[in-house]
Amino acid sequence: MTATHADYRLSQLDQLEAESIHIFREAAAEFEKPVLMFSGGKDSIVMLRLAEKAFFPAKIPFPVLQIDNGLDFPEVAETRDRWVSRLGVRLVIASIDDAIERGIVVDDGKTSRNRLQTPTLLNAIEENGFTAAFGGGRRDEEKARAKERVYSHRDEFGQWDPKMQRPELWSLYNGRLHEGEHMRVFPISNWTELDIWDYIGRENIEIPQVYFAHQRRVFERDGMLLTETPLNPLREGEVVTERTVRYRTCGDMTLTGCVESTASTIPEIIEEVAAARVTERGATRGDDRFSEAAMEDRKKEGYF
Amino acid sequence: MAMDLLRFATAGSVDDGKSTLIGRLLFDSKSIFTDQLESVEKTSLDKGHGYVDLSLLTDGLRSEREQGITIDVAYRYFATPNRKFIIADTPGHVQYTRNMVTGASTADLGLVLVDARHGLTEQSRRHAVLLSLLRVPHLVLCINKMDLVDYSQEVYNKISAEFTAFATKLNIPDLEVIPISALKGDNVVTRSTSMDWYSGPTLIHHLEHVHVASDRDLVDVRLPVQYVIRPKSDDHHDYRGYAGQVAGGVLKPGDEVMVLPSGMTSKIAGIDLFDREISEAFPPMSVTVRLEDDVDVSRGDMISRVKNAPEPSQDIDAMICWMTNAPLRPRQKLAIKHTSNSGRALIKDIQYRLDVNSLHRDLETKELGLNEIGRVQLRTTKPLLCDPYSKNRTTGSFILIDEATGVTVGAGMIND
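Chains as they are written, first to last, in this note's numbering: chain A, 4 to 307; chain B, 260 to 675.
Hint data in this document are derived by calculation from the structure and do not stem from the laboratory. Fair warning: there could be bad hints in the mix.
What the hints assert, rightly or not - In silico contact screen, one side only, chain B against chain A (beta carbon under 10 Å); selected entries: (1) LYS289; (2) THR293; (3) ARG335; (4) GLN485; (5) ARG489; (6) VAL509; (7) ASP514; (8) GLU515; (9) MET517; (10) LYS596; (11) LEU622; (12) GLU623; (13) ILE660.
What the hints assert, rightly or not - Think about it this way: if two alpha-carbon atoms lie no more than 25 Å apart in a straight line, the pair counts; the simulated DSS-like pairs of lysine-lysine are: (14) B:LYS650 x A:LYS62; (15) B:LYS566 x A:LYS166; (16) B:LYS491 x A:LYS56; (17) A:LYS56 x B:LYS511; (18) B:LYS650 x B:LYS428; (19) B:LYS526 x A:LYS56; (20) B:LYS566 x B:LYS511.
No residue lacks a Cβ here, since even glycine has one placed at the ideal position from N, Cα and C.
Whole structure, please, built from the sequences with the hints as guidance.
Quick look at the structure:
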């Protein structure tokens with residue numbers, strides 16, 4: 004029997020998975036001390052799943068790092084802890100509260116916690132001596148991200164210089180570093196929001212409940228629906244109502260908006276995402292609205 | 260049905276309408292989101308443009324928008340019901356070669372745009388040469404702005420014939436020529452009603468149906484070992500797996516294999532894909548292979564068939580695309596990365612510089628400047644397990660790295 008080429012085809016999801024696993028293995032082999040940035044959101048959970056696959060049956064050969072901004076959804080932290088204990092990986096937590104206490108960042112009451120994340124992250128990378136940090140950034144998320152390499156070089160200040168990016172050819176990633184520099188590695192660069200959901204469905208991956216439709220007390224601010232919480236006091240004229248919502252992305256609770264939705268299963272979410280006319284970030288991320296180049300500017304400072 | 264994936268790189272100079280075409284593909288396939296479009300509309304208005312500038316969708320960096328040019332490769336995504344597309348959108352500006360090479364290195368298909376009013380330019384020829392040098396197996400020539408030449412069949416025939424004649428001098432296994440108007444949408448996603456004389460596919464139909472699976476090498480088994488998996492746990496005490504992404508051929512349990520460079524032989528005991536054993540592995544799967552014997556295998560080694568193995572060699576003959584300002588000169592020492600293997604390389608000789616416009620070989624020049632391509636002889640510190648690039652794009656390619664700065668400065672394709 005002769006096999007034809009048609010027998011040897013991989014679906015696009017399998018191709019993306021194979022590429023991501025290749026990137027994980029490559030970085031784990033080349034960098035002395037990698038770490039996986041893990042928020043507990045859907046993208047970082049898919050990342051952890053891919054890392055699990057890349058090194059199976061051995062354990063994931065690097066720790067995970069969470070930047071605790073003190074404003075995470077409780078459901079996200081719970082899911083994160085379950086994943087960490089199931090896989091037996093070491094969890095390193097760098098908290099913004101702790102960074103404020105130690106004088107690494109200053110809380111002036113005006114700067115968003117999202118911005119305080121960057122110095123906290125850079126400090127954690129430096130203190131732990133991490134030489135590479137895996138991140139769940141996707142190029143479809145945002146136009147500055149679309150320009151980012153799979154291996155994204157950061158100088159000793161943790162800065163990204165978009166004009167000085169290394170050309171990235173074939174699947175040959177260049178991991179050369181000088182003392183004090185580090186690399187951000189993005190294994191799911193080529194995935195889209197829909198790919199993530201297809202994969203979560205296919206692999207039956209546990210994700211935080213906030214992604215599914217539920218009743219929540221919310222109020223409207225800047226065209227977004229935000230959750231009611233003492234961490235985010237209401238302003239004049241803002242009214243809390245109970246609605247059926249879900250989150251498309253999980254970040255800082257005070258800045259991340261939810262969308263009205265009745266999608267309570269993965270297939271329903273896939274259907275909804277496929278029909279969505281607004282991007283994930285456009286719909287729900289307050290932190291990207293500061294300027295046309297908000298993401299680019301934050302990335303230059305060292306944001307992931 | 261499981262979707263598959265097509266990666267393509269766009270080429271053509273700025274005024275040929277590349278951004279408009281990408282905008283049209285994204286827009287008509289409903290891949291532009293309203294918030295993105297609103298932001299582009301707002302910026303266009305702020306800048307005083309009389310139209311919605313779709314290039315703002317792809318020019319993602321502050322400095323790109325300031326200067327109104329594309330500096331770097333951007334990756335864009337869209338999907339139709341049965342295929343997902345990754346576009347490497349490469350800039351048409353001055354630094355064309357380096358960025359074209361970057362974008363085209365992973366592409367299954369190259370898309371070259373020409374303006375119907377001007378016909379073939381130096382730029383379109385140059386891009387075709389680069390795509391052929393990089394062995395991008397499929398090429399589409401889009402003759403754009405057909406609306407500005409009254410949808411003339413004569414214009415199409417003339418450009419098409421000229422390009423086909425030029426392409427015979429190159430290595431382009433599959434060429435399609437499509438007359439379009441990106442602005443009006445003719446033959447991009449919907450069939451044009453103004454060109455009855457054209458019976459070929461629309462661009463999207465071609466992109467959806469071009470057969471890419473057959474471009475992979477399923478004959479010559481190549482598994483560059485990336486990572487050795489040794490759990491050392493109670494459950495998997497004796498597990499020893501060689502992990503990597505299959506670069507060629509089909510591997511099956513029971514196959515006799517050779518490990519290079521040691522030349523030791525063994526049999527495949529099993530192939531693991533995460534927690535399940537599979538009966539065969541083929542490109543581009545990332546798998547873990549176990550061998551029957553306890554042979555010494557480490558990162559940088561290659562698993563292949565016994566009678567069909569790559570030749571370990573320290574003397575490499577390759578085409579190099581040089582990507583940095585300081586020129587490449589003989590006697591220079593650089594770091595080299597080839598599959599999962601790294602070493603150092605010495606430039607022995609620069610045989611010629613290739614003029615990508617005329618294909619003329621300049622034998623006089625003994626250096627390569629920024630964006631220049633030439634034939635170079637290198638000597639490496641340790642043997643590389645190479646194939647000709649024409650046979651395998653993974654085992655036939657390498658990058659050169661400046662050891663002082665750590666920057667990728669060259670891309671290499673190994674000659675036959």
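Discussion item. To test your reading of the hints: which numbers does this structure violate?
Written reply: Going through the list in order, the structure violates hints 7, 8, 9, 11, 12, 14 and 15 and respects the others.
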